[in-house]
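Numbered by my numbering, the letters in the sequence shown go through residues 319 to 812 in order.
Think of the hints as simulated: they come from the structure by calculation, not from any bench.
Careful: at least some of the hints might be erroneous.
[Stated by the list, open to error] Subject to a maximum C-alpha distance of 30 angstroms in a straight line, what follows is the list of computed DSSO-like cross-link-like pairs (lysine-lysine): (1) Lys531 - Lys366; (2) Lys604 - Lys420; (3) Lys504 - Lys529; (4) Lys384 - Lys691; (5) Lys384 - Lys677; (6) Lys604 - Lys531; (7) Lys691 - Lys366; (8) Lys384 - Lys433; (9) Lys613 - Lys366; (10) Lys386 - Lys677; (11) Lys635 - Lys433; (12) Lys563 - Lys386; (13) Lys613 - Lys329; (14) Lys329 - Lys691; (15) Lys329 - Lys560; (16) Lys531 - Lys544; (17) Lys613 - Lys625; (18) Lys701 - Lys691; (19) Lys420 - Lys366; (20) Lys531 - Lys625.
[To be verified] Label pairs and their computed distance ranges (CB to CB): (21) Val666 - Leu564: 54 to 60 angstroms; (22) Glu674 - Gln510: 54 to 60 angstroms; (23) Gln703 - Pro453: 33 to 39 angstroms.
Because the structure is a prediction, the values reported are computed rather than measured.
In this text, a Cβ means the ideal position worked out from N, Cα and C, and glycines have one as well.
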Amino acid sequence: MKKKNRSSTLKLGTWNVRTLQTGLNENLPDIEDVRKSAIINDELSRLKVDIVALQETRLADSGSIKEKDYSFFWQGKTESEVREHGVGFAVKNTLLNTVELKCNGSERLLSLRLKTSIGYVTLIYVYAPTLSSTPEAKDMFYDNLSSALSEIPTTEQVIILGDLNALVGSDNSSWDSCIGRFGVGKVNENGQRLLEVCSLHSLCVTNTYFKTKPQHRVSGRHPRSKHWHQLDLIMVRQKCLKFVKLTRSYHSADCDTDHSLVCFHHTSLEIFGRKITKQNDWFDSKAVILAPVIKAKRDALATYKAKPTQRNLLNLKEARANAQRTARICANEYWVELSENIQLAAQVGNIRGMYEGIKKALGPSQNKTAPLKSTTGEIITDKGQQMHRWVEHYSELYATTSSVSYSALKAIIQLPTMNELDETPTLSELNKAIDNIAARKAPGCDESQDPLQIRAEKFVSGQKNDPNLIKFIDSKAPPRRGLIKIGEDGAYVR
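Can you make the complete structure from the sequences, with help from the hints?
The following block contains the structure:
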């Protein structure tokens with residue numbers, strides 16, 4: 319029997335995480351809780367999600383942080399504004415070379431382009447105003463969304479993911495081109511606005527097209543009425559709906575939020591990436607201890623969602639407190655062990671081990687990004703104009719004439735000339751220099767080396783083609799001295 323070729327599937331999702339600030343603190347001693355991005359990293363890895371949209375990140379400006387399996391990018395309000403809203407996305411580290419982030423995002427709308435086997439696909443991540451927001455805020459959001467959609471060619475695939483705070487309902491007869499037969503509840507004002515945008519741009523809400531279990535069609539529960547709703551939505555062009563295999567919620571995904579992760583499987587996209595490895599930090603190093611308590615918290619959350627009783631709520635609170643307490647203990651043990659290792663490396667002179675320990679202590683760093691602006695302060699998004707702005711900047715930079723103060727030059731202390739460095743070392747000095755070459759070090763000058771070491775290494779580097787010298791090193795060094803010849807230029811390292 320002929321074996322059928324299985325088409326590749328890309329798993330995308332959307333998740334309102336409430337905040338990404340937890341555990342991210344530049345002051346290391348103040349970090350007590352599990353890093354929120356690390357928790358999300360493990361949940362996405364467990365569910366094998368490729369790219370997920372994040373809402374309510376509550377982080378200022380734009381930036382990124384790289385975890386073990388995923389890299390997180392965000393766009394929020396400025397540092398001086400209130401920490402609210404904010405959107406972002408998490409993408410697998412193996413797929414970083416396939417994404418292109420657009421720089422004209424806001425705290426409610428962010429887009430990127432994904433390079434696939436069929437061309438570019440635009441992903442738009444959104445966080446819409448709530449039902450109680452002002453009409454002006456809603457008008458601005460949907461106008462910006464329509465403008466972003468209008469800029470995308472109709473021949474290019476587009477996927478919209480996010481918390482739309484809208485109920486599109488189940489009236490398939492009135493909106494047969496936008497929603498399917500498996501919607502939930504009734505349409506509200508925000509849902510009406512969203513459906514009008516969908517109708518204008520030929521979009522459809524994929525959440526309503528698949529006959530799944532009722533609990534897999536909803537993602538959020540109202541805090542007072544306790545009714546479940548479809549709030550986190552994924553939309554595609556109507557002509558691309560045939561490529562969507564499934565859209566459903568994953569209530570087992572847990573990062574201390576009242577929204578469930580919603581994912582969909584796209585069968586026509588094939589992406590290629592490369593493997594990236596990364597050193598573990600304290601959360602990964604203590605995964606054996608943290609994994610059981612996190613799983614217990616996840617199970618307690620699933621039980622409470624299935625049956626929201628007072629007893630299950632108390633069990634969930636107890637599981638969360640236990641996870642937080644265990645995380646603080648693990649963090650404290652990790653810092654103590656790491657500090658002792660760094661101190662020991664410094665005492666025995668293991669500089670490499672000391673700096674590697676310091677890098678581990680710092681953990682994943684937040685990378686801040688800033689959009690390119692014109693001389694008048696306007697953000698430039700067009701690539702041609704960006705290139706022109708760089709040309710303008712460097713033309714002004716290099717055209718500036720700098721004045722030299724000769725009095726300042728004369729005030730600089732002149733170091734004595736070391737003429738002995740130009741003298742040819744003897745074989746005994748050369749032999750001693752070879753013995754003193756540090757492990758994994760190529761010939762070169764360091765501030766910590768004595769003049770004899772510098773002179774011998776410079777001689778070896780300058781006379782690398784001398785057959786007598788090469789014969790001497792080849793006979794004296796390997797394998798007893800542990801020297802290795804690198805390349806054809808005759809450089810030697812330990």
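Evaluated hints:
1. Lys531 - Lys366: At roughly 21 angstroms apart (the allowed maximum being 30 angstroms), Lys366 and Lys531 satisfy the hint.
2. Lys604 - Lys420: violated (36 angstroms)
3. Lys504 - Lys529: holds (18 angstroms)
4. Lys384 - Lys691: Within the cut-off at roughly 26 angstroms; holds.
5. Lys384 - Lys677: holds (14 angstroms)
6. Lys604 - Lys531: Measuring from Cα to Cα gives roughly 36 angstroms; hence the hint is violated.
7. Lys691 - Lys366: Judged against 30 angstroms, a Cα distance of about 38 angstroms means the pair is violated.
8. Lys384 - Lys433: Distance ~20 angstroms between Lys384 and Lys433 Cα, so the pair holds.
9. Lys613 - Lys366: holds (17 angstroms)
10. Lys386 - Lys677: holds (15 angstroms)
11. Lys635 - Lys433: Violated, at about 43 angstroms.
12. Lys563 - Lys386: holds (29 angstroms)
13. Lys613 - Lys329: holds (23 angstroms)
14. Lys329 - Lys691: Given pair Lys329, Lys691 is violated - Cα atoms ~35 angstroms apart, limit 30 angstroms.
15. Lys329 - Lys560: holds (15 angstroms)
16. Lys531 - Lys544: Holds - the C-alpha atoms of Lys544 and Lys531 are around 18 angstroms apart, at most 30 angstroms.
17. Lys613 - Lys625: Satisfied, since the Cα-Cα distance of roughly 18 angstroms is no more than 30 angstroms.
18. Lys701 - Lys691: holds (12 angstroms)
19. Lys420 - Lys366: holds (25 angstroms)
20. Lys531 - Lys625: Distance ~16 angstroms between Lys531 and Lys625 Cα, so the pair holds.
21. Val666 - Leu564: 54 to 60 angstroms: holds (57 angstroms)
22. Glu674 - Gln510: 54 to 60 angstroms: holds (57 angstroms)
23. Gln703 - Pro453: 33 to 39 angstroms: holds (34 angstroms)
The structure does not agree with the numbered hints 2, 6, 7, 11, 14 stated previously, though it agrees with the rest.
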